[in-house]
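Next come the chains, spelled out residue by residue.
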Amino acid sequence: MSMEELFHPLQEPMILGAAISIVVGAVVVVAGLTYFKKWGYFYKNWLSTVDHKKIGIMYIAVALLMLFRGGIDALLMRAQTAVPDNGLLDAQHYNEIFTTHGLIMILFMAMPFVIGLMNIVIPLQIGARDVAFPRLNAVSFWAFAAGCGLLNLSFIIGGSPDSGWTAYFPLAGTEFSPTVGNNYYSLALQLSGIGTLLTGVNFITTIFKMRAPGMTLMKMPMFTWSILITNVIIVFAFPVLTVALALMMLDRQFGTKFFAMTDGGMDMLWANLFWVWGHPEVYIVILPAFGIFSEVIATFARKNLYGYKSMVMSMVVISLLSFLVWAHHFYTMGHGVMVNSVFSITTMAIAVPTGVKMFNWLLTMRHGKIQFTTPMLYALGFIPIFTIGGVTGVMLAMASADYQYHNTMFLVAHFHYVLIPGTVFGVLAGYHFWWPKMFGFRLNEKLGKAGFWFIAISFNVAFFPLFILGLDGYARRMYTYSESTGYGPLNLLSFIGALGLAVGFALICYNIYYSWKHMPRNEKADVWDGRSLEWATHSPVPEYNFAVVPTITRLDEFWFAKKEGRDITAGKIEKIHMPNNTGTPFWTSGFLFLAAFFAVFSLWIPAIISMLVVFGFMAHRSFEDDHGRYISVEEIMETEKSLRGDK
Amino acid sequence: MNKKFSLMLLAFGAIAILSGCEPLTVFNPKGPNAQTLSNTIILSIITMAVILLVVYVLFAFMLTKYRASKASADYEPPHEEGSHVLEITWTVIPIIIVAFLAIVTVKTTSTVETTPEGYDNKEPLVIYAASSNWKWHFSYPEQGIETVNYVNIPTDRPIEFKLYSFGPITSFWIPQLAGQKYAMSDMLTTIHLAADEVGSFMGRNSNFNGRGFAEMEFEAQSMTQADFDQWVKDVKANEKPLTEEKFKELLAAEHVGRSSYSSTHLDFSPAPMAHGDMDMGGMDHGDMDMSDKDMNHEDMNHENMDHENMDHSKKDAETHSH
Numbered sequence: 001m002s003m004e005e006l007f008h009p010l011q012e013p014m015i016l017g018a019a020i021s022i023v024v025g026a027v028v029v030v031a032g033l034t035y036f037k038k039w040g041y042f043y044k045n046w047l048s049t050v051d052h053k054k055i056g057i058m059y060i061a062v063a064l065l066m067l068f069r070g071g072i073d074a075l076l077m078r079a080q081t082a083v084p085d086n087g088l089l090d091a092q093h094y095n096e097i098f099t100t101h102g103l104i105m106i107l108f109m110a111m112p113f114v115i116g117l118m119n120i121v122i123p124l125q126i127g128a129r130d131v132a133f134p135r136l137n138a139v140s141f142w143a144f145a146a147g148c149g150l151l152n153l154s155f156i157i158g159g160s161p162d163s164g165w166t167a168y169f170p171l172a173g174t175e176f177s178p179t180v181g182n183n184y185y186s187l188a189l190q191l192s193g194i195g196t197l198l199t200g201v202n203f204i205t206t207i208f209k210m211r212a213p214g215m216t217l218m219k220m221p222m223f224t225w226s227i228l229i230t231n232v233i234i235v236f237a238f239p240v241l242t243v244a245l246a247l248m249m250l251d252r253q254f255g256t257k258f259f260a261m262t263d264g265g266m267d268m269l270w271a272n273l274f275w276v277w278g279h280p281e282v283y284i285v286i287l288p289a290f291g292i293f294s295e296v297i298a299t300f301a302r303k304n305l306y307g308y309k310s311m312v313m314s315m316v317v318i319s320l321l322s323f324l325v326w327a328h329h330f331y332t333m334g335h336g337v338m339v340n341s342v343f344s345i346t347t348m349a350i351a352v353p354t355g356v357k358m359f360n361w362l363l364t365m366r367h368g369k370i371q372f373t374t375p376m377l378y379a380l381g382f383i384p385i386f387t388i389g390g391v392t393g394v395m396l397a398m399a400s401a402d403y404q405y406h407n408t409m410f411l412v413a414h415f416h417y418v419l420i421p422g423t424v425f426g427v428l429a430g431y432h433f434w435w436p437k438m439f440g441f442r443l444n445e446k447l448g449k450a451g452f453w454f455i456a457i458s459f460n461v462a463f464f465p466l467f468i469l470g471l472d473g474y475a476r477r478m479y480t481y482s483e484s485t486g487y488g489p490l491n492l493l494s495f496i497g498a499l500g501l502a503v504g505f506a507l508i509c510y511n512i513y514y515s516w517k518h519m520p521r522n523e524k525a526d527v528w529d530g531r532s533l534e535w536a537t538h539s540p541v542p543e544y545n546f547a548v549v550p551t552i553t554r555l556d557e558f559w560f561a562k563k564e565g566r567d568i569t570a571g572k573i574e575k576i577h578m579p580n581n582t583g584t585p586f587w588t589s590g591f592l593f594l595a596a597f598f599a600v601f602s603l604w605i606p607a608i609i610s611m612l613v614v615f616g617f618m619a620h621r622s623f624e625d626d627h628g629r630y631i632s633v634e635e636i637m638e639t640e641k642s643l644r645g646d647k
Numbered sequence: 001m002n003k004k005f006s007l008m009l010l011a012f013g014a015i016a017i018l019s020g021c022e023p024l025t026v027f028n029p030k031g032p033n034a035q036t037l038s039n040t041i042i043l044s045i046i047t048m049a050v051i052l053l054v055v056y057v058l059f060a061f062m063l064t065k066y067r068a069s070k071a072s073a074d075y076e077p078p079h080e081e082g083s084h085v086l087e088i089t090w091t092v093i094p095i096i097i098v099a100f101l102a103i104v105t106v107k108t109t110s111t112v113e114t115t116p117e118g119y120d121n122k123e124p125l126v127i128y129a130a131s132s133n134w135k136w137h138f139s140y141p142e143q144g145i146e147t148v149n150y151v152n153i154p155t156d157r158p159i160e161f162k163l164y165s166f167g168p169i170t171s172f173w174i175p176q177l178a179g180q181k182y183a184m185s186d187m188l189t190t191i192h193l194a195a196d197e198v199g200s201f202m203g204r205n206s207n208f209n210g211r212g213f214a215e216m217e218f219e220a221q222s223m224t225q226a227d228f229d230q231w232v233k234d235v236k237a238n239e240k241p242l243t244e245e246k247f248k249e250l251l252a253a254e255h256v257g258r259s260s261y262s263s264t265h266l267d268f269s270p271a272p273m274a275h276g277d278m279d280m281g282g283m284d285h286g287d288m289d290m291s292d293k294d295m296n297h298e299d300m301n302h303e304n305m306d307h308e309n310m311d312h313s314k315k316d317a318e319t320h321s322h
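Here the protein sequences come in this chain order: A and B.
The opening residue of the first sequence carries number 1 in the UniProt record's numbering; numbering runs sequentially from there.
The opening residue of the second sequence carries number 1 in the UniProt record's numbering; numbering runs sequentially from there.
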């Protein structure tokens, strides 16, 4: 591959502009760190940290960055289709953009946002001092970050994947996609997928083994329950993706024919494998949001969660059903009436447990005392908007009717109506809710609420028209359409909504700056008059989370203790065992990134050398004698005193 | 009945207004199968509207009645564990709704997967529709003619489209006549439809298949049997037969205009087997050589595809199966 080919994306002025801004941004960060002599601080406190809270914050930082990147993609798509026969983007550029928009929003925005929040909150909610495998947690993050970096690099060097985020074969095979774009796809997703799989193992272990004394499973907060179930789904679903991506790589780079049109290859095998992972993936990003809404609604209705047991049960049922519905993504491939009917029924069945949750949330508010804070607004906005997504989901589940919705804007509208009010509102509610716990100050409520209203209203303006366009026969993924179709006005309306969404996200980002400058510090431990254990410890949380691990006797122990005037954090302070920081996860993933980067271009020698370094790090870890360290009682007393504010 | 009718009217009205008084394509069916789907969709919209209404009323009630600003300062919300009666209610009612929709789904799915009602006494007209790059090839084995990027059908006969693809998966869709179905390289799928009236309908590939996807449309025209026969006669009389060489040229092209031929490509390049007829052994395309190194996207070199060796006969499938 010649240099010219390698950098061919840069011939596109828009991509060149973006590439330049990335380089300038990187130079500014590096120069800033050097000028302020912060490299040591940065390496010691962030790059080599194993603290679950800091790892969580890094996940969320990446998620916000990717929200920006994926959002720009979305704006460009909507701008291109805002008027008929538009020439803003050509077909190739548009195809790359909708592909990366899907990949980035699902895998590099929704996933890290969810995983970031679970990192920060889960150990606190169950009264643990860290996750079960802190170093593995750092490996998870850095492997994910390597995958994320790799996918974003594709857009500058070699060209992005361009066959849809679903990468259906044979379109994604070398015959029809000869550029390296889909090599980036298989390797970037492989790296981040490994990170996610390790997170799954880590959090299942953490939740099973590290709960505070007395906290039985049925006394866990609902968010913890949702994360436990999510991680069980991760551990079952992600290996399928790992295998599918490995087969894809073999097909594209080693000449095998698993998904080829010839020699017994089966193109629909890829579609099946992809969705056996892909459908549970939807629930991996939605169940944590359900958990967050449960916490937020109970807190701001000032009432315990209605129907706790049925809430848990419904999530278990959803997780089981999530593995039994994948074929509804291709009812139209021509399997018989029988197969389509079975998958229709399993799919519609998911509406039942989801409905149970919806009614439980509504009934939680009955007899409550509802406060309209920013996180609560997101939780409340979720209910009416997500219900539209849910009922259109049932409509799509009907195989016969799906023959008319499949591959149309109706489907696009549906899944945005599920993922935005569900996942995005969920993580934004969690982000506003737990922000003071992370940083010790609140986000400004006025700006937060303005952001919510912009997002909630613009979202409907942007996506409701797509339902109508879909029913009018507008297929998805078309880079343009002719004026005679009559799709123009509604597309323009949708573009206006997209602009409004951009304003909303800009407000959210501005709020970080504004609140950092202006909001009062020394936020108290229990910011919102909360119910679960994370509110029992200081804001921001000290490294060791709890000076004394509380004992639990019932659900919402902290809430009842407050009512009874008990202090559940009182007790004798003892020295605390904590894991040591280590830079190896960062460097291991750095070399993993290099290995994958070389593999994208089939440069096998440097790829193998980089991989050997990775194995070297792993071997070194196996023989390393690291038993962690202790924080002394005096140091803890000192920290507690200063956090409590008594000088 | 009256109530249901007014609801229907309301739904139709809303849809009509939203689309500038011209009914949306999916709600403007011109054949029995598209009609079935349109009815199914309207029925599901009405059902879902009822569910939405229940949720919205409850939501509005909770938000207006139980807001903090309405409660006294010392009001302390009670502790409520849940209610078995309520929880069973909102589990059982959705189950009933889902069961109802499941019955509708199974019934309508089997309806649209067979010869349309009212046409079942007539022999269906079989048309092969194959996609290559960003165009469609239509072969009429019965008439012995072939067209590119347009398809004509008679009105008073059921039609069976047999779909397959010379490349990526595409989806064959004429929304006003029937729902869509995938066209794949290794198996044949079938769409059943019929046109009730004479007209011209938009048909397209709805499954993304690369650079030229947006333009991959064709016109489906329904005409009376007499007009159809006349058209066939004209094609047979005036158009050249489709040679293997010409067909390869067509396959390699990216976009082409309309054209007609007085023979089909099926004679020298048969279609793959139908989905139902196939088992694992039957999927052996070993004789189909597409692995030529020189092949790239720009000039899809279909000369290398030895279609004559593509033997999909049932006998071959059986010898391969285990």
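Accuracy of the hints is not assured; some may be wrong.
[Said to hold, decoys possible] Distance condition first, Cα-Cα at most 30 Å in a straight line; then the derived DSSO-like pairs of lysine-lysine:
#	chain 1	residue 1	chain 2	residue 2
1	A	Lys-219	A	Lys-369
2	B	Lys-65	A	Lys-563
3	B	Lys-248	A	Lys-369
4	B	Lys-248	A	Lys-524
5	B	Lys-248	A	Lys-446
6	B	Lys-162	B	Lys-240
7	A	Lys-54	A	Lys-446
8	A	Lys-449	B	Lys-65
9	A	Lys-54	A	Lys-369
10	B	Lys-70	A	Lys-562
11	A	Lys-449	B	Lys-70
12	B	Lys-65	A	Lys-369
13	A	Lys-641	A	Lys-38
14	A	Lys-257	B	Lys-70
15	B	Lys-236	B	Lys-162
16	B	Lys-65	A	Lys-562
17	A	Lys-257	B	Lys-240
By construction, these hints were calculated from the structure, which means they are not laboratory data.
Note that this is a predicted model, so its numbers are computed, not measured.
Here is how each hint holds up against the structure:
1. Using a Cα cut-off of 30 Å, the hinted pair Lys-219/A and Lys-369/A holds, with the two alpha carbons roughly 24 Å apart.
2. For the hint linking Lys-65/B to Lys-563/A, the alpha-carbon distance of about 25 Å falls within 30 Å, and the restraint holds.
3. In summary, the hint linking Lys-248/B to Lys-369/A is not supported, as the alpha carbons are separated by about 73 Å, beyond the 30 Å threshold.
4. For the hint pairing Lys-248/B with Lys-524/A, the CA-to-CA distance comes to about 75 Å; that exceeds 30 Å, so the pair is violated.
5. Restraint check: the Cα-Cα separation between Lys-248/B and Lys-446/A comes to about 66 Å, which exceeds 30 Å; the hinted pair is violated.
6. Between Lys-162/B and Lys-240/B, the direct Cα distance comes to roughly 24 Å. Compliance with the 30 Å bound is thereby established for this hinted pair.
7. In summary, the hint linking Lys-54/A to Lys-446/A is supported, as the alpha carbons are separated by about 27 Å, within the 30 Å threshold.
8. This hinted pair checks out: Lys-449/A and Lys-65/B have alpha carbons roughly 22 Å apart, not beyond 30 Å.
9. Only pairs whose Cα atoms come within 30 Å are accepted, and Lys-54/A paired with Lys-369/A is rejected, the gap being roughly 34 Å.
10. For the hint linking Lys-70/B to Lys-562/A, the alpha-carbon distance of about 25 Å falls within 30 Å, and the restraint holds.
11. Of the supplied pair hints, the one linking Lys-449/A and Lys-70/B holds, its CA atoms being roughly 21 Å apart against a limit of 30 Å.
12. With a CA separation close to 9 Å, the supplied pair Lys-65/B and Lys-369/A stays within the 30 Å bound.
13. For the hint linking Lys-641/A to Lys-38/A, the alpha-carbon distance of about 28 Å falls within 30 Å, and the restraint holds.
14. Straight-line distance between C-alpha atoms of Lys-257/A and Lys-70/B comes to about 67 Å, which puts the hinted pair past the 30 Å bound.
15. Between Lys-236/B and Lys-162/B, the direct Cα distance comes to roughly 22 Å. Compliance with the 30 Å bound is thereby established for this hinted pair.
16. Our distance criterion of 30 Å between C-alpha atoms is met by Lys-65/B and Lys-562/A, whose separation comes to about 27 Å.
17. The hinted pair formed by Lys-257/A and Lys-240/B fails the criterion: a straight-line CA distance of about 38 Å is larger than 30 Å.
Going down the numbered hints, you'll see the structure goes against 3, 4, 5, 9, 14, 17, while the others check out.
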